[in-house]
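Participant: Spelled out from the first residue to the last, the chains are:
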Amino acid sequence: MTDPDAGVTHGGLTTVGAHVVIYDNDVSALVRLAGSIGAALRDAREDAGLLAATVRFGDSSRWPALTADDERSIAAAVTDVADGVVVDTTFSFFGANLGSGGGSNALAAEGDEAVIWVINPDTYVAPNAATELLRALRTHGTAAAEARQIPIEHQKAYDPRTGETSWVCGACVMFRRDAFDAVGGFDARFFPLYCDDVDLSWRLRHAGWSIRQVPRAVVFHDKELGERGPVAWSETAAYSSHLARLWLYHRYDRPDLTARFLDEIDPVADPIAGAAIDHYRARVAAGDAPDPLPDASRVATFVDGQYAPRRFTYAAP
Amino acid sequence: MTSSDASTGDPIDRVTAQVVEQVVRVISSSAHLGSVVAIDAPPQLDAGLRSHGFDTVRIAADDLLGGSMPARPPVEGEIIAAHVVFGGGAGDLLGVLERLAVESDRVTEVGAEPPLVVVAVPNRITLDELADRLDGKSGRSAGGDRRHLAAAGTTADGLTRAARRAGFETAVVADVTVRDPSPPTEVRALLAELARRAGHDPEVRHLVRSYRRTADDPPGREDRGPGATPFLSVIVRTQGRRSTLVDTLTSLAAQRDDDLEILLMAHNVSVEELAHVERLAGSFAPTFGDRLRVTEVTGGGRSAPLNRALEIAVGAYVAILDDDDVVTSDWVAAFRRAAERLPRRVVRARCAVQSIERREGELIDFEPVSGLDTPYPARFDLLDNIRSNRAPPCSSAIPMWLVDSLELRFDDTLQVCEDWKFQLDAARLVGVSDDPAVTSVYRRWIGDGGSAGAAPEQVWIDDHYRVVADLDAEHTIVPPGSLRRIHELYERLEQLEIELGCRAPGDLPPTFGPAGPVRSDLPDR
Chain X
1 MTDPDAGVTH GGLTTVGAHV VIYDNDVSAL VRLAGSIGAA LRDAREDAGL
51 LAATVRFGDS SRWPALTADD ERSIAAAVTD VADGVVVDTT FSFFGANLGS
101 GGGSNALAAE GDEAVIWVIN PDTYVAPNAA TELLRALRTH GTAAAEARQI
151 PIEHQKAYDP RTGETSWVCG ACVMFRRDAF DAVGGFDARF FPLYCDDVDL
201 SWRLRHAGWS IRQVPRAVVF HDKELGERGP VAWSETAAYS SHLARLWLYH
251 RYDRPDLTAR FLDEIDPVAD PIAGAAIDHY RARVAAGDAP DPLPDASRVA
301 TFVDGQYAPR RFTYAAP
Chain Y
1001 MTSSDASTGD PIDRVTAQVV EQVVRVISSS AHLGSVVAID APPQLDAGLR
1051 SHGFDTVRIA ADDLLGGSMP ARPPVEGEII AAHVVFGGGA GDLLGVLERL
1101 AVESDRVTEV GAEPPLVVVA VPNRITLDEL ADRLDGKSGR SAGGDRRHLA
1151 AAGTTADGLT RAARRAGFET AVVADVTVRD PSPPTEVRAL LAELARRAGH
1201 DPEVRHLVRS YRRTADDPPG REDRGPGATP FLSVIVRTQG RRSTLVDTLT
1251 SLAAQRDDDL EILLMAHNVS VEELAHVERL AGSFAPTFGD RLRVTEVTGG
1301 GRSAPLNRAL EIAVGAYVAI LDDDDVVTSD WVAAFRRAAE RLPRRVVRAR
1351 CAVQSIERRE GELIDFEPVS GLDTPYPARF DLLDNIRSNR APPCSSAIPM
1401 WLVDSLELRF DDTLQVCEDW KFQLDAARLV GVSDDPAVTS VYRRWIGDGG
1451 SAGAAPEQVW IDDHYRVVAD LDAEHTIVPP GSLRRIHELY ERLEQLEIEL
1501 GCRAPGDLPP TFGPAGPVRS DLPDR
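Protein sequence lines correspond, in order, to chains X and Y.
Position one of the first sequence corresponds to residue 1 (the working numbering), numbered consecutively onward.
Position one of the second sequence corresponds to residue 1001 (the working numbering), numbered consecutively onward.
Because the hints were derived from the structure by calculation, they are not lab data.
Honestly, I wouldn't trust all of these hints.
Stated by the list, open to error - If you anchor each label on the Cβ, the simulated ranges turn out as follows:
1) 1312(Y) with 227(X): 35 to 43 Å
2) 27(X) with 1270(Y): 38 to 46 Å
3) 26(X) with 1203(Y): 52 to 60 Å
4) 279(X) with 1384(Y): 46 to 54 Å
5) 69(X) with 1278(Y): 29 to 37 Å
6) 47(X) with 1300(Y): 32 to 40 Å
7) 1312(Y) with 47(X): 26 to 34 Å
8) 1384(Y) with 227(X): 17 to 25 Å
9) 139(X) with 1241(Y): 41 to 49 Å
Cβ coordinates follow ideal geometry from the N, Cα and C atoms, glycine included.
Input sequences plus hints: build the corresponding full structure.
Facilitator: Shown next as C-alpha cells:
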C-alpha cells in the first residue's frame, strides 16, 4: 500500500481542471452547465481558496457536436460568471468515441491542475458544489469527493459523519490528480460508461485512499422519472452495464459471481446480456482483460447485485 | 321606484338621485367651497352642489379629451374643489382620468390644492363580458391593453385599475347599492357568485368613488405588453433555515424550458437568514440568477408570502414549489404542454413522493429513507380532491388570469391547507389540463421537519373541514359525469351499510341535509 499523502500538502489543492466529455449533447444544456461551472468556480475562489481553473470540453461524438459559435457561447457562459478565476475554456474533438472514462483520461492529460473535476454533460452543478468538494478533498487521505445528486439521490450508503463510501459516482466528482494518475485514471475497458467510476474508486481505495460522498455539494443530474423511479435503461445502457459487471467481477477476483451471472443469463431470452457475455469472453480469450487485483475483497463491495450497501431502494423500472 | 325632481317636477330615476346624493356627500365631506368641474354630469347635480355652496362648471368628456379643459392657471382665489366624472357611455374613462391627472398636476404646480376626483359610473356587465372575464379572455388578464382599461369602468375592479393606471389612489367608496329582498333562484344565485368572482357585485347598482392624486408610479404589471411575460412564475417561500433550499433552486436552474421567474419569498426571517437567502440567490449564474427575486415578507400566516408573491408575479401561470422539494428538468415544459393543449385552465403534471428524515450531527441535516412512489392520481378529479388534497402544490400551476381577473388569492385565515383551497378554487372554476409526465419530487418528512409540523393535528383537521365548508357555501360547477359518480358513491355507501348490518335492505337511507355529514361543531366563520 502506498502512502496516500507522500509529498503532497493540502494547501496544494488550489487549481482545478473541470472536465466534461460530451456526446451529441444539447448545446443549450451545455451552455447552462457551463454557466453553473463558472458560478461554482467563482464560489470556490471566494470560499475555498481556489486560485485558478481551466474548463475543458472533450467531444467523443462521431462528428463534431459543437460549431465555433457553440463553443463561443459555452466559453462565454463560463467566463461571464467566473470573473477571472477561469484561465481558459478549451474544446477538443477526439475523433473517436473514447467513452466517458477514456474521454476523461484524455482531458486529464491536457492539463496539470492539482484537482481533476469530472462532470457529466447532463448535469447542472449547484453554486456551492466546487467549494464543498474541494474542502472534502483536502481531508487527509481523501482521493475523491462526489456530489449528492438531485432530483434522484443515489441510494448507496455512506458514513453519515465522514462521508466515506464504497465508490463515487462519476457524474460530478473531484479527484486529486496525484492519486488519479498513480492508479492510471479510468479504465477505458468500461466503455462507453457505467462502472468505470466504481472500478476507479475501488482501485483508489485499494491504494490506500479514502473516497467520500459530500452531501452538501449538490449536482442536478438530468434523469427522466417513471412511476416508481428512474425510467428504464436503453439497450446500450443495459449492454454496457452487463459488460461492466463482468469486468468488475473479473478484476476484483470474484469468479463465483461471474459463474453465477453466466449461469443465470439465458442469451435467447436476454440477447443484450448475451451479447455482453460474448464480448467479455472474447476479450478474456484475447488476453485483453484486467488482471485481478490481489486482496481485492477488502475494497470490492458486491451486495445483492449492487456495488455498495443501499440506504433505500428504487423500484425496478 | 322613481322620485320627482323638486325643481322641474319631471320624474327622475331614483338611482340617479341616490348617485347625485352620494357624489354631493363625498365632495362636501372633503371640501367646503369652490367650483366643481362636472364632466357629463346629470343636471340634477347642480342643485345638490349649490345647496352646499359649490358652483358647477360643466364640460363634456369628448371636449375634455379634445383638450378643452382650460389650460390657464386658476384665477387667483378660485378653488377647484373637485372634478366629477359621470361615466356609463362608450367614452374613454381612462382617457378622462389621465387628462384629469394632468390637470391635477398643473394645479399643484401653481401651488393650489389638487382637486378631489369623483367618479360615478353604472356597475354593469353584459353576459358576454362576464363570460369573457370568467374565461380569462378579458379583464386584467389582458395586461396593459388600453382598450380593456378604457372600458373597465363597468366594474369596481376595472375602475380601480383604471384609476391606478392614471395615477390616482382610492379615497372614499360610496357606492349605491340596491338589494332585491326576495331570495334568488339557484341559477341567479350562481350567476351572482360568478359575477362577484369576476369583480362585479350585482347588488352595487352604481359605483361612486373618490380619488386623490398619488405620487406612486403606476403598477408595472399592467404596463407589460404581450410577449413580455414569462410563462411561469414560481413561488418559493422560505424561512432560510432549510439546507434543502439549494436543492430546490438548483433544480429550477436546470430547467430545459427556462421561461420562468422565481419569486423567493423570505418569510419572517432574521437578518442572518435573509442574508443567507440573498447570498444563495446571488451565487447562481446570471442566466438563472437574473430570473430570481428575493422579497422579504414579515408577519401574517402561511398565505402572506404567497399572496405577496401574487401581487408581484408577472408570469402567465403561477406555481408553488416548497423549499424542500425538487423538480425534473421538464417541469416547466410539462406545464407548457398542458397549457397548449387546454389553455386558460389549471395545468398539472404527476408528482412522485420520497420520504426523508431529519438528521442531527451528520454531514447534512436530512436524508432520504425511501425510494420514489407515485401515489397521486394521474388525472385530476374534482370530487376526489374535495374529499382530500390529492397532490402537492408542486404538481400544478394556476393561470394568472384567475388572480388578475377573478381576484383568486390564498386564504390567510387558514393556518394550513391554504394551497389545497387555492388549487380547488381554481380547478372548480376552470378545470384542469393534465400532463402524464412525472416532473416533481415531493419530499415527505417522516417525523418533524415538514409542513405537517406547521400546526397541531387538530388544526389540520379543523382547517380541512373549514375548506370543505367554504366550498360548500358556494355553488360548484361539476363536469359531466360527476353526478353519476356521486350516484355510484351513494350506492356503494348504502350497500356497505347493508353489509355491515347498519341498515336493512329496503330501508330508505338517511337524508343528508345541509348539515349533512360535515361536522357541525365548528365555529361559524
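Participant: If a hint holds in the structure, say so; if it does not, say that too.
Facilitator: So, going through the hints one by one against the coordinates:
1. 1312(Y) with 227(X): 35 to 43 Å: holds, 37 Å
2. 27(X) with 1270(Y): 38 to 46 Å: Given range 38 to 46 Å: holds, Cβ gap about 43 Å.
3. 26(X) with 1203(Y): 52 to 60 Å: Between residue 26(X) and residue 1203(Y), where Cβ atoms are some 57 Å apart, the hint holds.
4. 279(X) with 1384(Y): 46 to 54 Å: holds, 51 Å
5. 69(X) with 1278(Y): 29 to 37 Å: holds, 35 Å
6. 47(X) with 1300(Y): 32 to 40 Å: holds, 35 Å
7. 1312(Y) with 47(X): 26 to 34 Å: Between residue 1312(Y) and residue 47(X), where Cβ atoms are some 31 Å apart, the hint holds.
8. 1384(Y) with 227(X): 17 to 25 Å: holds, 19 Å
9. 139(X) with 1241(Y): 41 to 49 Å: Distance hint for residue 139(X), residue 1241(Y) is violated at roughly 27 Å.
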